[in-house]
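Asks: One line per chain: the protein sequences are A and B, in this order. Residue 1 is where the first sequence starts when you use the working numbering, and the numbers rise one by one after that. Residue 1 is where the second sequence starts when you use the working numbering, and the numbers rise one by one after that.
These are computed hints drawn from the structure, not numbers from a lab. Do not rely on the hints blindly, as some may be mistaken.
Stated by the list, open to error - Derived pair list, reagent style SDA-like, types lysine to any residue, alpha-carbon separation capped at 20 Å: (1) A:K286 - A:D105; (2) B:K372 - A:N172; (3) B:K340 - A:M139; (4) A:K78 - B:G371; (5) A:K353 - A:N172; (6) B:K379 - A:N172; (7) B:K385 - A:I274; (8) B:K15 - B:K66; (9) B:K340 - A:P126; (10) A:K358 - A:D325.
Below are the chains, spelled out letter by letter.
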Amino acid sequence: MTKIGLEIHCQLTKLASKLFCSCKAEYRNLEPNSNICPVCAGLPGSLPMLNKKAVEKATMISLALGCNIPEKIGFFRKNYFYPDLPKNFQITQYNAYGPTSIGSDGKIEIEGKEIRIRRIQLEEDPGRLVYEGTSEKTMVTLVDYNRAGTPLVEIVTEPDFENPKQVRVFLNVLADLVENIGVSDPYLEGAMRVDGNISEGDGNRVEIKNVGSFRDVEKALHFEITRQQSLVERGITVLAETRHWDDARRITVSSRSKEEEQDYRYLPEADIPIVLIGNKSIEQIKTQMPESIVARRDRYIKKYGMPTQVADVLSSDKFYSDLFDKSHNEKNAKEVSNIITTDLMGFADTREKKLELKITPKHISDLADSILENKLTRNSGKLALQEMVKTGKVLSDVISSLDLGHVSDAGSIEKIIDEVFKEEEKAVAEAKQNPDTINYLVGKVMRKTKGKADPATTLDILRKKLSV
Amino acid sequence: MNLGISATEFASQAKEGAISVEEFVAKTLDRIKKVDEKIHAFITVDSQNVLDQAKAIDKKIKSKEKTGICFGMPLSIKDNICTVGLKTTCASKMLENFVAPYDATVVSRLKSEDAIIIGKVNLDEFAMGSTTEFSYFGPTKNPWNTEYVPGGSSGGSGASVAALECLASLGSDTGGSVRSPASFCSVVGLKPTYGLISRYGLVSYANSIEQVGPVAKTVEDVAFLLNIISGHDPHDNTTVNNGRVDYVKDLKAGISGKKIGIISQMVGDGIDKEVASATTRAILKLQDLGAECIPISLDAVDHSVAAYYTIASAEASSNLSRYDNLRYGFDFSTEGYEFKAFVSKARSNFGPEVTRRMLLGAFVLSAGYYGKYYLKAQKVRTMIKAQLDEAFRKVDYLISPTMPILPFKVGEKIDDPLKLYLTDINTVTANLSGIPAISVPFSMSSSGLPIGIQLFANSFQEKELLQAAHALQETSKLPEVPL
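Produce the entire structure from the sequences given, and follow the hints as far as they go.
Replies: Set out below in structure tokens:
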């Protein structure tokens with residue numbers, strides 16, 4: 001049996017400042033080494049000042065993942081030499097001498113399967129190495145410390161996954177969850193990074209690092225399972241080792257074994273006194289937490305009678321569910337949910353596209369009302385939506401500029417039907433014989449009216465004229 | 001103009017316009033020029049700027065502008081405390097060229113009170129040592145006899161104050177580093193309660209036990225400086241709000257009716273005879289002033305040196321790992337080196353004592369040894385604290401000689417680290433437990449070398465500690481430094 005465990009590093013990108021200083025937590029797109037200060041650059045004499053907000057956000061993640069939160073949390077130094085680490089130690093948390101990390105022993109249910117969370121710890125991100133030059137000989141390694149000190153939570157699961165698909169589902173759920181709590185934007189480059197460990201049967205555990213994206217996690221795991229299984233089949237022992245995902249070759253490659261022998265010489269971080277969390281502050285943090293995805297989904301189903309699938313899709317996307325919650329009312333909720341899940345999500349299925357949307361709750365709400373009041377057909381509605389997200393114009397302007405007004409008066413529709421009858425003699429004859437083909441004629445009328453004709457009225461008149 | 005006046009005396013005279021700050025600073029620079037080649041207290045002297053600063057302060061005083069309470073007093077700062085514009089070398093080749101882009105909180109507080117930082121003074125490399133012999137720039141000598149060590153690691157602070165090269169100094173005390181030179185140089189040195197003074201800008205050696213501490217000629221000067229530099233700092237998580245206690249006020253309250261415990265483990269075997277007899281005399285003087293003195297046994301003290309070196313070395317090994325010469329340091333091209341080789345090569349430039357402690361520290365933290373050494377040392381620490389809590393339920397103060405022996409000759413113990421470590425026996429207790437301790441100059445040996453007496457009080461009882469120290473200092477009249 002395959003056993004897979006994960007270590008997920010998730011940056012708390014929604015914080016204003018780094019974990020131990022006032023430099024920006026959002027380091028992306030800045031001049032290299034411009035977002036640094038004596039503290040995050042590890043200058044002699046500087047001291048870390050703990051960002052209390054980071055503790056709060058990490059507490060929220062721990063709560064959302066059903067973890068135990070200790071009364072006191074502490075920080076440790078993990079000592080190792082690496083050029084991206086300004087102090088040559090990382091300030092992190094460590095539970096070997098008693099649980100002092102922000103969360104432990106949690107669980108989350110994924111498609112009916114329980115995944116146990118071993119621990120959650122709050123720590124600082126190192127800087128970034130940038131390689132320049134093409135060949136081995138001309139290669140230069142540059143260091144950018146802008147990222148150094150960015151607040152990060154490390155989430156460690158038990159090896160409870162049985163296959164890569166479960167891992168993918170879990171990661172999607174986790175990403176939605178941290179986004180929903182408002183602690184992180186998991187889709188920012190490097191905001192959520194995953195290491196895995198895999199073993200087959202009673203075989204040795206292999207760690208996989210350096211996986212760039214969620215999709216690659218699944219691929220790397222697939223590759224690694226195949227590799228281990230084929231070794232086992234040939235009677236070869238799987239070595240306990242760390243392997244890196246080679247993005248270019250799409251395989252895992254053994255890292256130097258030295259890394260595993262590393263002794264991090266953990267040491268309590270005396271510059272940060274023990275932090276008391278206590279039930280009172282946990283209760284307070286709970287009140288600040290937004291509705292969970294599961295609770296929201298249940299609300300959608302119960303209150304609005306949304307189909308499970310629609311409720312699932314809508315509730316797990318923070319952007320769209322917030323939009324829904326802001327734009328619907330008692331009457332139009334279902335229509336609003338339809339507009340969002342069938343049309344809007346289709347236009348903007350990526351993060352970038354979502355950011356470009358010029359849509360407001362009023363747009364959606366007006367649109368739903370117009371459709372419900374029979375002022376717009378669904379088809380015209382879709383066109384209007386497309387225009388609104390592009391231009392941000394109000395619905396009434398869009399309707400007049402695109403000439404989308406509903407044609408529902410019988411006279412106008414009848415005229416168009418007469419035209420269609422002239423052009424489609426064969427179809428008319430057929431429809432008389434076989435009323436099931438009448439939809440073809442409805443389609444023709446719609447095309448002529450650019451979707452503005454009221455479908456019900458059109459059908460009525462057609463039936464009358466064809467006497468079917 | 002007398003350079004031997006106290007810092008507070010200077011401040012009151014300068015305030016009245018009775019002293020020209022510029023003249024005093026110029027004279028101090030002359031004094032440094034004259035004596036520092038003999039004692040080598042300074043690593044850097046800021047002769048370029050201090051006269052301008054002095055002039056500006058004179059002008060402020062004359063024009064009755066609001067002037068900071070230091071009124072231009074020239075101070076020296078141990079070279080492991082960061083100062084903008086002046087190198088902070090930690091007496092190490094590793095930071096030979098390091099200029100911090102920021103002032104330590106203690107320095108900026110002094111500057112905002114119009115103190116003048118006349119220069120940076122010598123120490124054992126990264127404050128590791130008790131003689132100031134382990135400096136990359138060479139040893140500091142004792143102003144009372146230049147063949148002798150000044151104590152350490154703040155030897156530059158002790159020597160510069162004793163030799164009248166400044167009015168007072170800031171040192172740092174990790175295991176006795178302020179009190180040892182205070183004792184050996186016949187000046188006052190305070191190790192405050194852990195958390196009373198900001199460590200922001202103090203280059204860490206053993207960050208869970210060290211504090212910045214004032215070194216001065218008088219207890220009153222120490223109280224004066226403490227008023228400025230103590231209290232909560234938003235840049236240091238470990239500082240506490242001390243309610244802006246005024247340490248100068250009521251300094252002369254005396255010690256009548258107070259109880260003083262004599263620490264049995266610090267006055268018995270292994271103590272120099274003259275030191276022991278000076279301690280006895282100090283106790284008698286305090287009794288004359290109305291204090292009651294009783295023996296107190298703290299048997300955890302027997303393990304204190306071992307615990308201290310375990311904890312301090314462990315923390316040092318981590319604190320000093322940032323010195324890889326990649327971001328700052330000394331001239332050393334990375335060309336041709338792979339990262340690990342470069343780091344090893346760069347880090348081979350630490351001196352012998354620092355190397356020894358980093359190795360020891362890395363060892364006690366390694367997998368499998370943490371519990372055996374580091375955790376055990378932490379238990380000793382807890383034990384010492386518990387015994388002290390018990391003691392302070394019975395007495396107000398504790399007393400011991402600061403150093404168990406007289407100052408010794410330069411080079412005499414440098415090859416025997418264990419012997420050197422054992423001279424810390426009376427000082428490390430205050431660091432391991434966090435309580436304040438002060439060394440007060442009390443006597444001279446027959447050979448003309450200083451003997452200091454150490455007083456301890458419970459955590460954050462600096463005000464009471466300084467009152468007792470002041471009373472003790474008043475009981476003796478000591479000779480002027482023969483330099």
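Asks: If a hint holds in the structure, say so; if it does not, say that too.
Replies: Structure-based check of each hint:
no., hint, in the structure
1, A:K286 - A:D105, "holds (18 Å)"
2, B:K372 - A:N172, "violated (44 Å)"
3, B:K340 - A:M139, "holds (17 Å)"
4, A:K78 - B:G371, "holds (17 Å)"
5, A:K353 - A:N172, "holds (19 Å)"
6, B:K379 - A:N172, "violated (46 Å)"
7, B:K385 - A:I274, "holds (18 Å)"
8, B:K15 - B:K66, "holds (11 Å)"
9, B:K340 - A:P126, "holds (18 Å)"
10, A:K358 - A:D325, "holds (17 Å)"
The structure fails to meet hints 2 and 6 from the earlier list, while all remaining hints are met.
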